[in-house]
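Visitor: These are the residues of each chain, in order.
2 protein chains.
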Amino acid sequence: MKKWKISLLAIIVISSCQPQTKTPRPEFALAIHGGAGSIKPGQFSPVEEKEFADKLEEALKVGYKILENGGTSLECVEKVVNVLEDSPLFNAGKGAVFTNAGTNELDAAIMDGKTLNAGTVAGIKRVKNPITLARLVMMESPHVMMIGDGAEKFGEMNRVEFVDPEYFYTERRWESLQKILEREKLSLLDNDNDYDNDNDYKFGTVGCVALDKDGNLAAATSTGGMTNKRWGRVGDVPIIGAGTYADNNTCAISATGHGEYFIRNVVAYQISSLIEHARLSLEAAADSVVMRKLVKQNGSGGVIAIDKFGNISMPFNSEGMFRGSFKAGEEPVVAMFAN
Amino acid sequence: MKKWKISLLAIIVISSCQPQTKTPRPEFALAIHGGAGSIKPGQFSPVEEKEFADKLEEALKVGYKILENGGTSLECVEKVVNVLEDSPLFNAGKGAVFTNAGTNELDAAIMDGKTLNAGTVAGIKRVKNPITLARLVMMESPHVMMIGDGAEKFGEMNRVEFVDPEYFYTERRWESLQKILEREKLSLLDNDNDYDNDNDYKFGTVGCVALDKDGNLAAATSTGGMTNKRWGRVGDVPIIGAGTYADNNTCAISATGHGEYFIRNVVAYQISSLIEHARLSLEAAADSVVMRKLVKQNGSGGVIAIDKFGNISMPFNSEGMFRGSFKAGEEPVVAMFAN
Numbered sequence: 110m111k112k113w114k115i116s117l118l119a120i121i122v123i124s125s126c127q128p129q130t131k132t133p134r135p136e137f138a139l140a141i142h143g144g145a146g147s148i149k150p151g152q153f154s155p156v157e158e159k160e161f162a163d164k165l166e167e168a169l170k171v172g173y174k175i176l177e178n179g180g181t182s183l184e185c186v187e188k189v190v191n192v193l194e195d196s197p198l199f200n201a202g203k204g205a206v207f208t209n210a211g212t213n214e215l216d217a218a219i220m221d222g223k224t225l226n227a228g229t230v231a232g233i234k235r236v237k238n239p240i241t242l243a244r245l246v247m248m249e250s251p252h253v254m255m256i257g258d259g260a261e262k263f264g265e266m267n268r269v270e271f272v273d274p275e276y277f278y279t280e281r282r283w284e285s286l287q288k289i290l291e292r293e294k295l296s297l298l299d300n301d302n303d304y305d306n307d308n309d310y311k312f313g314t315v316g317c318v319a320l321d322k323d324g325n326l327a328a329a330t331s332t333g334g335m336t337n338k339r340w341g342r343v344g345d346v347p348i349i350g351a352g353t354y355a356d357n358n359t360c361a362i363s364a365t366g367h368g369e370y371f372i373r374n375v376v377a378y379q380i381s382s383l384i385e386h387a388r389l390s391l392e393a394a395a396d397s398v399v400m401r402k403l404v405k406q407n408g409s410g411g412v413i414a415i416d417k418f419g420n421i422s423m424p425f426n427s428e429g430m431f432r433g434s435f436k437a438g439e440e441p442v443v444a445m446f447a448n
Numbered sequence: 110m111k112k113w114k115i116s117l118l119a120i121i122v123i124s125s126c127q128p129q130t131k132t133p134r135p136e137f138a139l140a141i142h143g144g145a146g147s148i149k150p151g152q153f154s155p156v157e158e159k160e161f162a163d164k165l166e167e168a169l170k171v172g173y174k175i176l177e178n179g180g181t182s183l184e185c186v187e188k189v190v191n192v193l194e195d196s197p198l199f200n201a202g203k204g205a206v207f208t209n210a211g212t213n214e215l216d217a218a219i220m221d222g223k224t225l226n227a228g229t230v231a232g233i234k235r236v237k238n239p240i241t242l243a244r245l246v247m248m249e250s251p252h253v254m255m256i257g258d259g260a261e262k263f264g265e266m267n268r269v270e271f272v273d274p275e276y277f278y279t280e281r282r283w284e285s286l287q288k289i290l291e292r293e294k295l296s297l298l299d300n301d302n303d304y305d306n307d308n309d310y311k312f313g314t315v316g317c318v319a320l321d322k323d324g325n326l327a328a329a330t331s332t333g334g335m336t337n338k339r340w341g342r343v344g345d346v347p348i349i350g351a352g353t354y355a356d357n358n359t360c361a362i363s364a365t366g367h368g369e370y371f372i373r374n375v376v377a378y379q380i381s382s383l384i385e386h387a388r389l390s391l392e393a394a395a396d397s398v399v400m401r402k403l404v405k406q407n408g409s410g411g412v413i414a415i416d417k418f419g420n421i422s423m424p425f426n427s428e429g430m431f432r433g434s435f436k437a438g439e440e441p442v443v444a445m446f447a448n
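Those sequence lines, one after another, are chains A and B.
Numbering (the numbering used here) for the first sequence: 110 to 448.
Numbering (the numbering used here) for the second sequence: 110 to 448.
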């Protein structure tokens with residue numbers, strides 16, 4: 110009787126330490142985000158809510174089709190992020206927020222879980238799709254990270270699509286900047302917390318993670334950064350391990366939120382390492398970092414995560430996160446508020 | 110008898126999983142590096158070898174004095190790196206290598222293990238001590254990373270010391286660039302491996318890790334990057350988690366080597382996470398990443414590491430690494446070749 114109890118306990122303890130596959134592994138799957146922040150019911154009109162939902166679903170379907178046709182997870186995450194970059198709804202590509210100087214400076218990163226190869230760019234001003242430039246850095250150079258004019262020179266050599274900086278102008282983002290500049294003038298914004306409480310200030314970022322039919326994972330993230338950013342500030346997005354990470358042995362992660370906290374906590378890789386070294390499940394690992402470690406530090410934001418079994422986890426500690434997932438043989442799911 | 114054997118086995122298994130403190134914890138300690146690479150006996154004249162050893166010892170003594178007088182590990186790592194930056198011997202500050210365009214673009218990072226606060230800069234052209242600018246980013250801004258002109262503007266506001274770009278000129282580094290450009294013209298350098306085999310190409314970087322009397326850890330790294338770099342390439346140094354990491358709960362790390370591999374493997378944080386999550390000792394964790402994981406990928410380089418017990422580990426998989434350590438009450442130790 111006693112032996113029986115001990116054996117049962119042992120099984121429970123051991124199984125709680127093992128990565129769990131809750132449902133049969135889907136043939137392929139992807140998840141996306143369009144930024145985390147103060148996203149609450151009633152904040153957007155029904156028409157606006159539908160616009161967000163439609164664009165997220167469109168992006169999911171683009172990725173699904175690529176994976177269904179046998180495309181790689183790398184191809185999938187790039188093309189899905191392209192859809193979100195080309196939409197003025199999100200803070201990446203066309204909808205990027207403005208810097209203090211009234212310019213747009215874009216960052217992006219992509220990583221291949223099969224090879225651990227990665228490409229990232231920061232401070233990009235004239236490239237239409239920064240994620241495509243990041244993929245070129247990964248594929249066509251021996252380097253991982255390129256910044257500023259140098260990165261754009263590399264883009265020219267590799268015939269990436271350029272746009273006039275005017276392309277990134279949207280009235281909504283311009284007004285956000287004017288509002289913040291006005292508050293700064295009145296000295297209403299004088300510390301970090303004030304920025305934290307500002308809705309538009311760190312709203313945005315887009316990302317995609319995917320598992321393809323061959324079992325390869327990939328992650329991609331693209332952003333315009335923070336409204337009113339200055340001094341060439343770079344957030345977590347182009348930092349491999351912070352905002353973006355992918356490893357076939359563990360998971361693929363794309364993050365969104367208050368970048369400084371995501372850098373200091375090496376959020377994306379920390380989730381991967383909790384799976385690899387502490388043998389947590391994807392959900393437990395992502396929750397441990399996003400819902401506990403970051404919350405303790407007031408580091409707001411969230412992640413999308415997919416593991417090698419096709420499990421998807423999308424925890425966020427902010428009020429909402431634009432997000433969606435689509436598994437082989439299922440229907441696409443999109444959401445923006447807390448459950 | 111059987112029970113006795115099982116108990117012994119259990120003790121061995123459990124103790125092998127626990128962080129080990131081999132020697133009594135020193136009151137304070139520090140370690141430094143001046144770059145890893147193809148550093149072999151006979152490569153330098155006895156006079157040159159003495160120059161390197163003297164400068165490393167001088168830097169160690171500067172750090173030791175700060176810690177002995179009750180200074181913080183943060184103060185220590187900055188000031189020690191300043192000494193190495195000001196020397197033309199190492200690829201950081203005054204001795205920085207040249208980019209393809211014949212300019213110098215410097216990167217640096219600093220991290221405080223007590224708070225997880227960090228500051229990093231990349232693409233710096235006119236600041237004498239990039240590590241000091243990185244510390245200002247950490248202390249005087251809400252941000253972690255700043256790049257290029259923006260970072261220098263922030264430096265101006267915070268009265269960091271500027272120099273004419275000419276300051277970074279050294280004949281030795283200029284000749285290294287000319288040699289590589291000549292080989293490029295002759296198409297002798299046409300792939301990544303050729304660069305890997307070039308001695309001067311990725312030679313250098315300086316760093317310091319320290320434990321102070323209050324038990325606080327800190328890490329700092331500064332570099333001129335790779336000779337002949339282009340396209341605004343950024344290596345692992347200013348990437349928190351890759352080339353630099355510090356957490357009072359685990360260890361402080363500063364890395365040197367082929368940066369792209371250090372970014373993809375999140376080397377500095379991976380060592381920290383192996384201590385935290387897999388409960389390895391500092392030495393086992395650092396060896397696991399530098400001597401196994403990186404070796405498998407041909408990612409050459411090394412790290413200096415110190416844990417909260419004052420243990421120091423300095424593994425490298427290249428032929429040599431300029432390095433040194435100094436523990437409270439002991440003599441300074443410097444070395445450059447493999448043991």
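The reader is advised that the hints may include incorrect statements.
Identical chains blur together in the list; that is why a pair holds if it fits in one copy or across any two.
Unchecked claim - Computed list of lysine to any residue pairs in SDA-like fashion (alpha-carbon distance at most 20 Å, straight line): (1) LYS402 with GLU166; (2) LYS294 with VAL404; (3) LYS405 with ASN357; (4) LYS188 with GLN406; (5) LYS288 with TYR278; (6) LYS223 with PRO197; (7) LYS170 with LYS402; (8) LYS405 with ASN358.
These are calculated hints, taken from the structure and not from any lab test.
These numbers were taken from a predicted model, which means no experiment stands behind them.
Visitor: So, for every hint listed, does it hold in this structure?
Guide: Each hint, compared with the structure:
no.	hint	in the structure
1	LYS402 with GLU166	neither (31 Å within a copy, 40 Å between copies)
2	LYS294 with VAL404	neither (31 Å within a copy, 54 Å between copies)
3	LYS405 with ASN357	between (30 Å within a copy, 17 Å between copies)
4	LYS188 with GLN406	neither (34 Å within a copy, 29 Å between copies)
5	LYS288 with TYR278	within (16 Å within a copy, 45 Å between copies)
6	LYS223 with PRO197	neither (32 Å within a copy, 41 Å between copies)
7	LYS170 with LYS402	neither (33 Å within a copy, 37 Å between copies)
8	LYS405 with ASN358	between (29 Å within a copy, 16 Å between copies)
Violation of the numbered hints given earlier is confined to hints 1, 2, 4, 6, 7; the remaining hints are satisfied by the structure.
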